[in-house]
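A.B. asks: Residue strings, one per chain:
There are 2 protein chains.
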Amino acid sequence: MTSSSLIESVNWNEAGLIPAIAQDHLSGEVLMMAWMNAEALSCTVAEGRAVYWSRSRGKLWRKGEDSGHVQLIHDIRLDCDGDTLLLKVEQQGGIACHTGRRHCFFHALKDGEWQTVDAVIKRPEEIYGDD
Amino acid sequence: MTSSSLIESVNWNEAGLIPAIAQDHLSGEVLMMAWMNAEALSCTVAEGRAVYWSRSRGKLWRKGEDSGHVQLIHDIRLDCDGDTLLLKVEQQGGIACHTGRRHCFFHALKDGEWQTVDAVIKRPEEIYGDD
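Here the protein sequences line up with chains A and R, keeping their order.
Just so you know, we're using the numbering used here here: the first sequence kicks off at 243 and counts up by one.
Just so you know, we're using the numbering used here here: the second sequence kicks off at 243 and counts up by one.
It cannot be assumed that every hint is accurate.
Same chains, same names: a pair is fine if it fits in one copy or spans any two.
[As the list claims (entries may be wrong)] Pairs of lysine to aspartate or glutamate, DMTMM-like flavour, derived with a Cα cap of 20 Å:
| id | residue 1 | residue 2 |
| --- | --- | --- |
| 1 | 301 | 360 |
| 2 | 301 | 281 |
| 3 | 352 | 250 |
| 4 | 352 | 332 |
| 5 | 364 | 332 |
In short, the hints are calculated from the structure, not lab data.
None of these values were measured; they are calculated from a predicted model.
Take the sequences, apply the hints, and build the full model.
C.D. replies: Structure follows, in C-alpha cells:
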C-alpha cells in the first residue's frame, strides 16, 4: 500500500475531515479529540507528531506549536469503517488541554449536572502568555 | 443544572450530533467511536447503557441490542469545548466491534500501510447469525 492509498483508505467526511482521538500511549488516558484533513494526516505521519486541522482557524494546527505540548506519535490506528483515527501519543509536558489540564474531558456527569473534576496543572497564562 | 441544561450544555454539530468515544472503564482501551443526538444521550443517561444515533440507519441504536454486547455506563465526560463525549463503559461480552474484535481500531499504520493487527474473537455469523 502506498502513501496515497494510506490517504485513500480513509473515509473522509463530506468536509474532507476525520476525527482523531489522542490517547496517552502508556496510561491509556484519552487526552482529546480533534480533526484531520488529508494534509494533516500526511504531516502527522511524516513528522511523527500530531498535526490536526483547526476547523475554527481553517488551517493546519501543529499541536504544541505555541505551548510546547507536542504529541509524539507512537501508533496510528484506523477503525473498522475507516472513519475514525486513534493516535497513541507521548504527550510532552503532560498537558493536552488548552485549559492547562492533562486532558480535555474534565466535565463529568454527576447527579444530572456537568461538574468539573480535574485540576488545572498549569494556568493558561503560563502556557500561552498573557496576550 | 437540570437535565435539560445537561443537553443544552452540549455543542451539538450542525446535524444535531456529537461524537462519543467509548473506552473500557478498567483497561482504558478505546473501543469505538459513534455518534449521539440529544435523544440518544438522554436515553444513555436514563438507561445506564450506551445508546447511539445510527447515521446510516437514521435511528437510535441501543448498542448490543442484536449482539448482546451492551455497554454499561460507568462515567460520562464532556470535553473542554463541549463537542466530544467520552463514555467509560463496561463492555459486555468483551467485544465492541461488529467484526467480532475487542475494539474497532484494528488497522495499524505500519510501513506506510494499514495492516490488520487484532484478532477476531468471535465470528460475526456467530454474533449476528447468518442472515
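A.B. asks: Evaluate each hint against the coordinates.
C.D. replies: How the hints compare with the structure:
In this homomeric assembly, residue 301 and residue 360 never come within 20 Å of each other (Cα to Cα): the closest approach is 30 Å inside a single copy and 34 Å across copies. Proximity of residue 301 to residue 281 under the C-alpha cut-off of 20 Å is restricted to the intra-copy arrangement: shortest distance 10 Å within a copy versus 33 Å between copies. Only between protomers do residue 352 and residue 250 lie at most 20 Å apart by alpha-carbon distance; the minimum there is 16 Å, versus 42 Å within a single protomer. Only between protomers do residue 352 and residue 332 lie at most 20 Å apart by alpha-carbon distance; the minimum there is 18 Å, versus 30 Å within a single protomer.
In the homo-oligomer, the alpha carbons of residue 364 and residue 332 lie at most 20 Å apart inside one protomer (18 Å), although the nearest pairing across protomers, at 32 Å, exceeds that limit.
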